Amino acid sequence: MATANASTSSKNARKKEVKKETGLGLAYKKNESFGEWYSEVVVNGEMIEYYDISGCYILRPWTMVIWETMQAFFDAEIKKMNVKNAYFPLFVTENVLQKEKNHIEGFAPEVAWVTKSGQSDLEVPIAIRPTSETVMYPYFSKWIRGHRDLPLKLNQWCNVVRWEFSHPTPFIRSREFLWQEGHTAFATKEEADKEVLEILELYRRIYEEYLAIPVVKGKKSELEKFAGGLYTTSVEAFIPNTGRGIQGATSHCLGQNFAKMFEIDFENEKGEKAKVWQNSWAYSTRTIGVMVMVHGDDKGLVLPPKVAAVQVIVIPVPYKDADMQTIFEACSSTVQTLRVAGFRAEHDLRDNYSPGWKYSNWEMKGVPLRIEIGPKDIANKQVRIVRRDNGAKTDIPISCMVEQVQDVLSSIHENLFNAAKEKRDACIKVVHTWEEFMTALNDKKLILTPWCDEEEVEKNVKTRTKGELGSAKTLCTPFDQPSLPEGTLCFASGKPAKKWTYWGRSY
Amino acid sequence: MMALCLPSLHLFFYPHPNLRSSYYPYRVPVSSKLRASLITKEEAPEAEEPPLPSSLRALDRKPLSAHEGTLTPRSVDFNAWYLDVIARAELADYGPVRGTMVIRPYGYAIWEAIQDYLNAKFKETGHSNMYFPQFIPYSFIEKEASHVEGFSPELAVVTIGGGKELEEKLVVRPTSETIVNHMFTQWIQSYRDLPMMINQWANVTRWEMRTKPFIRTLEFLWQEGHTAHATAEEAEKEALLMIDVYKKFAYEQAAIPVIAGRKSKAETFAGASCTYTIEAMMGDRKALQAGTSHNLGQNFSRAFETQFTDENGQRQHVWQTSWAISTRFIGGIILTHGDDAGLMLPPRLAPVQVVIVPIWKKDDEKIGVLSTAVTVEQTLKSADIRVKIDGSEQRTPGWKFNFWELKGVPVRIEIGPREVADGSVVVSRRDVPGKLGKDFGICMEPSMLINHVKSRLEDVQASLLRSATLFRDRNIVDVRSYEELKEAISQGKWARGPWSASLCLVDDSQRR
Numbered sequence: 034m035a036t037a038n039a040s041t042s043s044k045n046a047r048k049k050e051v052k053k054e055t056g057l058g059l060a061y062k063k064n065e066s067f068g069e070w071y072s073e074v075v076v077n078g079e080m081i082e083y084y085d086i087s088g089c090y091i092l093r094p095w096t097m098v099i100w101e102t103m104q105a106f107f108d109a110e111i112k113k114m115n116v117k118n119a120y121f122p123l124f125v126t127e128n129v130l131q132k133e134k135n136h137i138e139g140f141a142p143e144v145a146w147v148t149k150s151g152q153s154d155l156e157v158p159i160a161i162r163p164t165s166e167t168v169m170y171p172y173f174s175k176w177i178r179g180h181r182d183l184p185l186k187l188n189q190w191c192n193v194v195r196w197e198f199s200h201p202t203p204f205i206r207s208r209e210f211l212w213q214e215g216h217t218a219f220a221t222k223e224e225a226d227k228e229v230l231e232i233l234e235l236y237r238r239i240y241e242e243y244l245a246i247p248v249v250k251g252k253k254s255e256l257e258k259f260a261g262g263l264y265t266t267s268v269e270a271f272i273p274n275t276g277r278g279i280q281g282a283t284s285h286c287l288g289q290n291f292a293k294m295f296e297i298d299f300e301n302e303k304g305e306k307a308k309v310w311q312n313s314w315a316y317s318t319r320t321i322g323v324m325v326m327v328h329g330d331d332k333g334l335v336l337p338p339k340v341a342a343v344q345v346i347v348i349p350v351p352y353k354d355a356d357m358q359t360i361f362e363a364c365s366s367t368v369q370t371l372r373v374a375g376f377r378a379e380h381d382l383r384d385n386y387s388p389g390w391k392y393s394n395w396e397m398k399g400v401p402l403r404i405e406i407g408p409k410d411i412a413n414k415q416v417r418i419v420r421r422d423n424g425a426k427t428d429i430p431i432s433c434m435v436e437q438v439q440d441v442l443s444s445i446h447e448n449l450f451n452a453a454k455e456k457r458d459a460c461i462k463v464v465h466t467w468e469e470f471m472t473a474l475n476d477k478k479l480i481l482t483p484w485c486d487e488e489e490v491e492k493n494v495k496t497r498t499k500g501e502l503g504s505a506k507t508l509c510t511p512f513d514q515p516s517l518p519e520g521t522l523c524f525a526s527g528k529p530a531k532k533w534t535y536w537g538r539s540y
Numbered sequence: 104m105m106a107l108c109l110p111s112l113h114l115f116f117y118p119h120p121n122l123r124s125s126y127y128p129y130r131v132p133v134s135s136k137l138r139a140s141l142i143t144k145e146e147a148p149e150a151e152e153p154p155l156p157s158s159l160r161a162l163d164r165k166p167l168s169a170h171e172g173t174l175t176p177r178s179v180d181f182n183a184w185y186l187d188v189i190a191r192a193e194l195a196d197y198g199p200v201r202g203t204m205v206i207r208p209y210g211y212a213i214w215e216a217i218q219d220y221l222n223a224k225f226k227e228t229g230h231s232n233m234y235f236p237q238f239i240p241y242s243f244i245e246k247e248a249s250h251v252e253g254f255s256p257e258l259a260v261v262t263i264g265g266g267k268e269l270e271e272k273l274v275v276r277p278t279s280e281t282i283v284n285h286m287f288t289q290w291i292q293s294y295r296d297l298p299m300m301i302n303q304w305a306n307v308t309r310w311e312m313r314t315k316p317f318i319r320t321l322e323f324l325w326q327e328g329h330t331a332h333a334t335a336e337e338a339e340k341e342a343l344l345m346i347d348v349y350k351k352f353a354y355e356q357a358a359i360p361v362i363a364g365r366k367s368k369a370e371t372f373a374g375a376s377c378t379y380t381i382e383a384m385m386g387d388r389k390a391l392q393a394g395t396s397h398n399l400g401q402n403f404s405r406a407f408e409t410q411f412t413d414e415n416g417q418r419q420h421v422w423q424t425s426w427a428i429s430t431r432f433i434g435g436i437i438l439t440h441g442d443d444a445g446l447m448l449p450p451r452l453a454p455v456q457v458v459i460v461p462i463w464k465k466d467d468e469k470i471g472v473l474s475t476a477v478t479v480e481q482t483l484k485s486a487d488i489r490v491k492i493d494g495s496e497q498r499t500p501g502w503k504f505n506f507w508e509l510k511g512v513p514v515r516i517e518i519g520p521r522e523v524a525d526g527s528v529v530v531s532r533r534d535v536p537g538k539l540g541k542d543f544g545i546c547m548e549p550s551m552l553i554n555h556v557k558s559r560l561e562d563v564q565a566s567l568l569r570s571a572t573l574f575r576d577r578n579i580v581d582v583r584s585y586e587e588l589k590e591a592i593s594q595g596k597w598a599r600g601p602w603s604a605s606l607c608l609v610d611d612s613q614r615r
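Chains B and V, in that order, give the protein sequences. The numbering used here numbers the first residue of the first sequence as 34 and each following residue consecutively. The numbering used here numbers the first residue of the second sequence as 104 and each following residue consecutively.
Quick caveat, the hints were computed from the structure, so don't treat them as lab data. As the structure is a computational prediction, the values presented were derived from the model and not from experiment. Fair warning: there could be bad hints in the mix.
Some, not all, of what chain V presents toward chain B, calculated at C-beta under 7 angstroms [unchecked claim]:
1. G229
2. S231
3. F238
4. S255
5. N306
6. Q410
Subject to a maximum C-alpha distance of 27 angstroms in a straight line, what follows is the list of computed DSS-like cross-link-like pairs (lysine-lysine) [unchecked claim]:
7. V:K541 <-> B:K186
8. B:K117 <-> V:K224
9. B:K252 <-> B:K306
10. V:K491 <-> B:K112
11. V:K464 <-> V:K389
12. V:K267 <-> V:K315
Counterexamples of contact, computed for chain V against chain B with all Cβ distances above 12 angstroms [to be verified]:
13. D196
14. E257
15. E382
16. R451
17. D467
18. V580
19. V582
20. A598
For each residue, glycine too, the CB sits at the ideal point set by N, CA and C.
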């Protein structure tokens, strides 16, 4: 064992190491350089690590907890609906991929191909799934014989690869990402339609109840719907800083198109041969990117309490000759109490970082609530709580700490949601003419217009708005339709309008 | 009906002309010969074994009716039985690409049970989950050429993405050491950053020549843990801790009496200081490596310059471990416990623990029987027992008995009009055939029923472990000489003997 002198001198040496300056601050501001801010915050918050392959990212534990929390919720909900998890292969053969022509047209440009095994060339290149319809549906055809085999409801949690060339963005647009994809088959269209909306509601709940993000439920236009499907519903979010819409999750009714291609027939109750009605639905790690973009600020990440890996961080505040041992014990017991009550609480007792450094560090990581304990707090049998969302500081007595923490966390969630909703609503602009539309587009708005619902008109809008920032497109036709007075004309074509639709630039 | 032609069984048996023995994680080619000589020869005929009492091996259970097609009996063709059971119990199907498999919900539910248990254990032992990309630049793989020498013919290589030839070839991960070490080097600076303990649940791809559902597939699911430590002692402790986690899991959840041990030098993962393994004996007495834990020493940290500054300010290389269990384990469960009637699933991992078969002859009996079945189902569900009613009207009770036995459900509850009248049920165990395995007149009163069912499930769990242990022990012979070893192997048994652990002795026995 080292002598007393040696240990004191090493202690002194270590004291000098105590990090005071944060050096942690973000170089970029959210409102000034959003793109750079985003890339910085996901790295500094220890969610993402960049990788040697462009468009592929490493998901660190801080991210995985968020993913796993959403997964646990969604998985439990679909199990209640009798959806069963399965696992289909990563690889799909070319001939099978080609089966649904429209589908393949939509995805072919993005497929990654395995062409070699080791040093030798494969006779036939093999594709890596961009989505699993073509992998799974031959088995639907094999497994479904009669109406008693229906409904068939399968889901898988897996990774998919889409080799895109557009600007990769962590979580939002990456070449490999994690998701769930549900694929179901029914005897009737009514059942399929019903499930499409049930699942869409679950997606809304993920965004609003877990991620504190307001979304709009709506139907995609014919141009934007899933390649090969009948209709697509989605939840749409909006990023005010960039004025871009972002597709949050999709729930498609595939109709009978894939059933025709893959010969998924069944014998119905009358003994006739019929084709099944199918759905597919998915949400991905993109949800996490939306969460960062909507809630993060110039100090770093801001995590909604329900998904935060750490909900409460307890930090000791030394003061002059204070008895650190007592303070440490108070921190430990606070963490214990909170954990027993079901909160995800941790303490940071590292002696080589100052409290100030720790505050910045955990703010960067977006922990919703910080508890500070110093000698004064111990004397007064209280703790100081500091909210990440608005910085509010309050001293609360230990006796009602658990209830107060519960209330504060709920309040943080509500506050995050309301603030996000306010910002989003402030971006909505109702327009009736092309001029108004262009102005709103340049003002980075989420634009609500009356529209004649014609594909040619939509394509025309896209062409006319093409530019550096990307063209404007329909985001969705909201289920919640404002009233459409007779005689209202489409903003783009001047023809009679059929419905209100959201337009904007998007991710 | 379908143009798609699913590969025939033949592809899984007939060796490809370019056959190269390839191994499940962390093996080098030479080990195949060693394994073959020490354990059992694939071509050797099954030795005759004296019949075990029926309570221990239910070989006399009636197979499915001819109408459905019978399972190949285990003693006739063990491999065919294995493939039959996987297909008939709806565990898996063959993928569109040779050697890949579709894990059907029933099989996947077993994987989820394994995941839930291990995930909790990994968190308890301080590990965090991460997710690394699936693609590895070819240059990374080349960096540690010696380590993946055995893998290189098995690598799936992507050269085209989005319609364009890629600038650099990408490998679909066969294992993630290279990426993990690459990142560890960036994240680890000082002793305060250690230990770094992470895990990922992922799919990996190895372009195998010979494949077998669950046991060896082109793509499989697994977890791979990777840790970095400041001292050799810590790394060793971690490697042993994890093999122990796996061993406890095998014994307590899967009822598989694995033998935990250390691999010989020839069998150790190229790049590891030492490899710990859990080996299970399957129903045909072949060994299955069910999980591995490697002490990697400083081999990788030296190759990747993964260093840290210690408390004295000195730069040192980290000490590492890695450990994995995969969907192969499900194959192990099938091969250890099944019988000629099908699967036998250990209750703790079974997706369905109790199946309720309502029995009625006349229509007026049906309503009473079905509603009683529902009541019993609710009762058991309230006690968190995984229960299912098979109320379908298309199949006879006899058919249902056979079907759910094939699916390995541990306990069956039979409810007929007499039971409805008596307020009792018949509880039947999967592992004990005939009347011996049935309890008649079990009261439906909730607490009594729950207690009875729970203790039956525990009985089945314990009995599966007991009979697997007995079978294993009957087939291990202690040997003291090479002649005795040869004798044991020729009988299809495992030999256990003192060994000098010298490499030249190993080579010698391989040759012989």
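Tested hints:
For G229 of chain V, the shortest C-beta to C-beta distance to chain B is roughly 12 angstroms, which exceeds 7 angstroms, and the interface hint is violated. Annotation: S231 of chain V was flagged as interfacial toward chain B, and the flag holds, the nearest CB pair being 4 angstroms apart, inside 7 angstroms. Among the interface hints, the one on F238 of chain V holds; its C-beta lies about 5 angstroms from the nearest C-beta in chain B, closer than the 7 angstroms criterion. Taking 7 angstroms as the C-beta cut-off, the interface hint given for S255 of chain V holds, the closest approach to chain B being about 5 angstroms.
Because the beta carbon of N306 of chain V sits about 6 angstroms from the nearest beta carbon in chain B, less than 7 angstroms, this interface hint is met. Contact between Q410 of chain V and chain B, as hinted, is not supported at the beta carbon level, the nearest pair being about 18 angstroms apart and thus beyond 7 angstroms. With a CA separation close to 35 angstroms, the supplied pair K541 of chain V and K186 of chain B exceeds the 27 angstroms bound. For the given pair, K117 of chain B sits about 25 angstroms from K224 of chain V by alpha-carbon distance, which is consistent with the 27 angstroms threshold.
At most 27 angstroms may separate the alpha-carbon atoms for a hinted pair to count; K252 of chain B and K306 of chain B exceed this at roughly 31 angstroms. For the hint pairing K491 of chain V with K112 of chain B, the CA-to-CA distance comes to about 14 angstroms; that is within 27 angstroms, so the pair holds. The straight-line distance between the Cα atoms of K464 of chain V and K389 of chain V is roughly 46 angstroms, outside the 27 angstroms bound, and the hint therefore fails. With a CA separation close to 34 angstroms, the supplied pair K267 of chain V and K315 of chain V exceeds the 27 angstroms bound.
With a cut of 12 angstroms on Cβ distances, D196 of chain V falls inside the contact zone with chain B, its closest approach being about 6 angstroms. At the 12 angstroms boundary, the C-beta of E257 of chain V falls inside the reach of chain B, the nearest C-beta of that chain being 6 angstroms off. Taking the minimum C-beta to C-beta distance to chain B, about 26 angstroms, the non-interface status of E382 of chain V holds against the 12 angstroms cut. Under the 12 angstroms C-beta cut-off, the non-interface status given to R451 of chain V relative to chain B holds; the minimum distance is some 19 angstroms.
At roughly 24 angstroms, the least C-beta separation between D467 of chain V and chain B is larger than 12 angstroms, which holds for a residue marked as non-interface. With a minimum CB-CB distance of about 40 angstroms to chain B, V580 of chain V clears the 12 angstroms threshold, and the non-interface call stands. Against the 12 angstroms criterion, V582 of chain V stays outside the reach of chain B, whose nearest CB is about 39 angstroms from its own CB. Look at A598 of chain V: its CB is around 35 angstroms from the nearest CB on chain B, clear of 12 angstroms, so calling it non-interface holds up.
Hint compliance for this structure: hints 1, 6, 7, 9, 11, 12, 13 and 14 are not met, and every other hint is.
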